[in-house]
Amino acid sequence: MLKYTEDHEWLRAEGDEIVVGITAHASEQLGDVVFIELPEEGRKVEAGEEIVVIESVKAASDISAPVAGTITAVNTALADAPGSVNDDALTAWFFRIKPADQGAMDGFMDEDAYRALIG
Amino acid sequence: MTDDPRRTPLYDMHVGLGARMVPFAGWEMPVQYPMGVMAEHLHTRAQAGLFDVSHMGQVLVTPRDGNMETAALALERLIPADVRGLAPGRQRYGLFTNDRGGIGDDLMFANRGDHVLLVVNAGCAEGDIAHLRTLDEVDVTPVTDRGLLALQGPLAADVLARLVPEAAAMRFMDSRIYPWDGVDLWISRSGYTGEDGFEISVADTRLQSFAQALLDQPEVAPIGLGARDSLRLEAGMPLYGHDMDADVTPAQAALGWSIPKVRRPGGARAGGFPGADTILPELADGAATIRRGLRPEGRAPIREGVAIFAGAEGGEAIGHVSSGGFGPSVGGPVAMARLPAELPDGATVYAELRGKRVLVAVAPLPFITPSYKR
Numbered sequence: 752m753l754k755y756t757e758d759h760e761w762l763r764a765e766g767d768e769i770v771v772g773i774t775a776h777a778s779e780q781l782g783d784v785v786f787i788e789l790p791e792e793g794r795k796v797e798a799g800e801e802i803v804v805i806e807s808v809k810a811a812s813d814i815s816a817p818v819a820g821t822i823t824a825v826n827t828a829l830a831d832a833p834g835s836v837n838d839d840a841l842t843a844w845f846f847r848i849k850p851a852d853q854g855a856m857d858g859f860m861d862e863d864a865y866r867a868l869i870g
Numbered sequence: 118m119t120d121d122p123r124r125t126p127l128y129d130m131h132v133g134l135g136a137r138m139v140p141f142a143g144w145e146m147p148v149q150y151p152m153g154v155m156a157e158h159l160h161t162r163a164q165a166g167l168f169d170v171s172h173m174g175q176v177l178v179t180p181r182d183g184n185m186e187t188a189a190l191a192l193e194r195l196i197p198a199d200v201r202g203l204a205p206g207r208q209r210y211g212l213f214t215n216d217r218g219g220i221g222d223d224l225m226f227a228n229r230g231d232h233v234l235l236v237v238n239a240g241c242a243e244g245d246i247a248h249l250r251t252l253d254e255v256d257v258t259p260v261t262d263r264g265l266l267a268l269q270g271p272l273a274a275d276v277l278a279r280l281v282p283e284a285a286a287m288r289f290m291d292s293r294i295y296p297w298d299g300v301d302l303w304i305s306r307s308g309y310t311g312e313d314g315f316e317i318s319v320a321d322t323r324l325q326s327f328a329q330a331l332l333d334q335p336e337v338a339p340i341g342l343g344a345r346d347s348l349r350l351e352a353g354m355p356l357y358g359h360d361m362d363a364d365v366t367p368a369q370a371a372l373g374w375s376i377p378k379v380r381r382p383g384g385a386r387a388g389g390f391p392g393a394d395t396i397l398p399e400l401a402d403g404a405a406t407i408r409r410g411l412r413p414e415g416r417a418p419i420r421e422g423v424a425i426f427a428g429a430e431g432g433e434a435i436g437h438v439s440s441g442g443f444g445p446s447v448g449g450p451v452a453m454a455r456l457p458a459e460l461p462d463g464a465t466v467y468a469e470l471r472g473k474r475v476l477v478a479v480a481p482l483p484f485i486t487p488s489y490k491r
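Protein sequence lines, in the order shown, are assigned to chains A and B.
Take the first sequence: its letters are residues 752 to 870, numbered as in our numbering.
Take the second sequence: its letters are residues 118 to 491, numbered as in our numbering.
These are calculated hints, taken from the structure and not from any lab test.
Careful, some of the hints might be misleading.
For each label pair, taking beta carbons as the anchor points, the in silico distance ranges come out as [as the list claims (entries may be wrong)]: (1) 793(A) / 414(B): 48 to 56 Å; (2) 794(A) / 321(B): 53 to 61 Å; (3) 476(B) / 810(A): 17 to 25 Å; (4) 810(A) / 177(B): 32 to 40 Å; (5) 866(A) / 469(B): 35 to 43 Å; (6) 824(A) / 476(B): 44 to 52 Å; (7) 326(B) / 819(A): 54 to 62 Å; (8) 481(B) / 815(A): 38 to 46 Å; (9) 429(B) / 795(A): 21 to 29 Å; (10) 285(B) / 763(A): 55 to 63 Å; (11) 473(B) / 795(A): 17 to 25 Å; (12) 296(B) / 827(A): 54 to 62 Å; (13) 469(B) / 857(A): 36 to 44 Å; (14) 362(B) / 866(A): 41 to 49 Å.
Residues from chain B that keep clear of chain A, each with C-beta distances beyond 10 Å, as calculated [what the hints assert, rightly or not]: (15) 154; (16) 156; (17) 163; (18) 207; (19) 252; (20) 330; (21) 393; (22) 401; (23) 434; (24) 486; (25) 488.
Glycine included, every Cβ here is placed at the ideal spot set by N, Cα and C.
Build out the structure end to end from the sequences listed, making use of the hints.
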């Protein structure tokens with residue numbers, strides 16, 4: 752089951768890791784994405800640390816690590832085809848993170864709560 | 118003026134088309150439609166795009182003595198261009214200059230037989246009109262009951278000819294008045310995209326029906342300000358308030374071409390415009406910094422305000438990006454900045470992006486090859 756952050760990231764638990772992307776709503780708001788800079792694999796990050804740069808035709812924005820942990824994988828195909836975020840935001844994952852703490856997925860929004868957030 | 122943004126007569130049409138509306142120069146304008154900036158840009162370069170540019174200022178300048186030469190010579194006191202030499206039915210690009218040699222605005226002016234039609238930037242219109250009213254020999258009449266459309270792209274002429282057959286014979290920078298469905302359209306073959314196309318002034322009361330008649334043509338899509346910006350950026354066209362302003366001279370803005378020989382030393386009507394003592398020597402000697410194209414390596418756009426450096430580390434900034442973004446037709450980021458004139462095309466400079474310096478090549482403008490019908 753997907754969880755959501757207030758920064759319009761979707762989170763999907765897979766084993767002891769979390770896969771992170773941005774929501775379709777976020778990709779629509781960004782407009783056509785033309786550049787994505789991903790963090791290095793193996794990097795230890797803090798919750799809220801800005802670790803991805805997304806440039807759309809309109810503006811630059813960041814996405815941050817939803818939880819503290821270690822980046823275990825990044826979607827290098829995204830850097831070559833950043834527009835795939837606009838095509839299908841749910842399959843265009845950005846990175847996998849291994850949380851430093853147990854229960855890291857707790858406290859994030861479920862789909863109903865996220866829908867309420869974006870109206 | 119109120120603080121509420123103004124709306125063009127096409128506001129409801131934009132909203133109905135699903136546009137995202139944003140404030141721009143005191144107006145509420147469509148930045149993009151559901152097609153999106155990238156597709157809108159590419160559609161304009163492949164077929165035809167329709168832009169609402171009704172926010173731009175349209176102004177009539179009429180000689181009080183009925184003699185066009187009077188109006189032309191009066192305008193030449195504000196604009197370093199050859200207004201007198203402009204034939205009826207023709208349009209040119211020009212600049213308002215200020216006493217410091219900076220640029221007050223850029224504009225199009227057309228000889229319409231017994232008066233001159235000016236089209237100026239929305240954000241500068243009020244000041245431009247006040248500036249024009251310092252001229253005693255002319256009446257200055259803001260056009261308040263007409264909107265302005267731009268139809269741009271390689272199929273623009275085919276499309277417009279279906280509605281206005283006479284338009285097909287127009288050449289680049291022709292200015293004509295032709296009828297459509299009982300109203301006069303003020304048409305020029307010009308634009309701000311690097312493509313062939315037309316700018317069409319229509320009475321407010323008929324603007325929406327004419328716009329709809331164009332949108333009903335299968336080649337035409339509505340295009341927002343987002344794509345307008347990337348189109349003009351690729352075409353190497355400067356945007357007032359960004360690539361030039363009151364503190365940037367024509368030579369620095371690489372717009373010396375708009376000042377013809379007749380207004381330069383040795384010309385029949387040399388000087389006689391604000392800032393001539395600064396502007397003319399600089400055109401002769403060359404400016405120290407000049408507007409250049411930039412092509413960043415990689416895919417990351419460099420946007421307005423990004424500092425440019427000569428080296429990979431240290432040193433002072435040699436300039437700042439004045440316009441920049443992703444160029445959909447170029448397929449990569451493009452930008453403009455005023456940089457030291459001695460840098461050759463192809464020179465490597467560095468843009469500081471999020472604390473890192475990325476390689477950028479100085480590039481000739483425009484980034485695409487314009488396709489005007491000369």
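So, going through the hints one by one against the coordinates:
{"no.": "1", "hint": "793(A) / 414(B): 48 to 56 Å", "verdict": "violated (26 Å)"}
{"no.": "2", "hint": "794(A) / 321(B): 53 to 61 Å", "verdict": "holds (58 Å)"}
{"no.": "3", "hint": "476(B) / 810(A): 17 to 25 Å", "verdict": "holds (23 Å)"}
{"no.": "4", "hint": "810(A) / 177(B): 32 to 40 Å", "verdict": "holds (39 Å)"}
{"no.": "5", "hint": "866(A) / 469(B): 35 to 43 Å", "verdict": "holds (40 Å)"}
{"no.": "6", "hint": "824(A) / 476(B): 44 to 52 Å", "verdict": "violated (28 Å)"}
{"no.": "7", "hint": "326(B) / 819(A): 54 to 62 Å", "verdict": "holds (60 Å)"}
{"no.": "8", "hint": "481(B) / 815(A): 38 to 46 Å", "verdict": "holds (40 Å)"}
{"no.": "9", "hint": "429(B) / 795(A): 21 to 29 Å", "verdict": "holds (28 Å)"}
{"no.": "10", "hint": "285(B) / 763(A): 55 to 63 Å", "verdict": "holds (57 Å)"}
{"no.": "11", "hint": "473(B) / 795(A): 17 to 25 Å", "verdict": "holds (20 Å)"}
{"no.": "12", "hint": "296(B) / 827(A): 54 to 62 Å", "verdict": "holds (59 Å)"}
{"no.": "13", "hint": "469(B) / 857(A): 36 to 44 Å", "verdict": "holds (40 Å)"}
{"no.": "14", "hint": "362(B) / 866(A): 41 to 49 Å", "verdict": "holds (45 Å)"}
{"no.": "15", "hint": "154", "verdict": "violated (4 Å)"}
{"no.": "16", "hint": "156", "verdict": "violated (8 Å)"}
{"no.": "17", "hint": "163", "verdict": "holds (16 Å)"}
{"no.": "18", "hint": "207", "verdict": "holds (36 Å)"}
{"no.": "19", "hint": "252", "verdict": "holds (41 Å)"}
{"no.": "20", "hint": "330", "verdict": "holds (29 Å)"}
{"no.": "21", "hint": "393", "verdict": "holds (40 Å)"}
{"no.": "22", "hint": "401", "verdict": "holds (40 Å)"}
{"no.": "23", "hint": "434", "verdict": "holds (19 Å)"}
{"no.": "24", "hint": "486", "verdict": "holds (22 Å)"}
{"no.": "25", "hint": "488", "verdict": "holds (23 Å)"}
The structure fails to meet hints 1, 6, 15, 16 from the earlier list, while all remaining hints are met.
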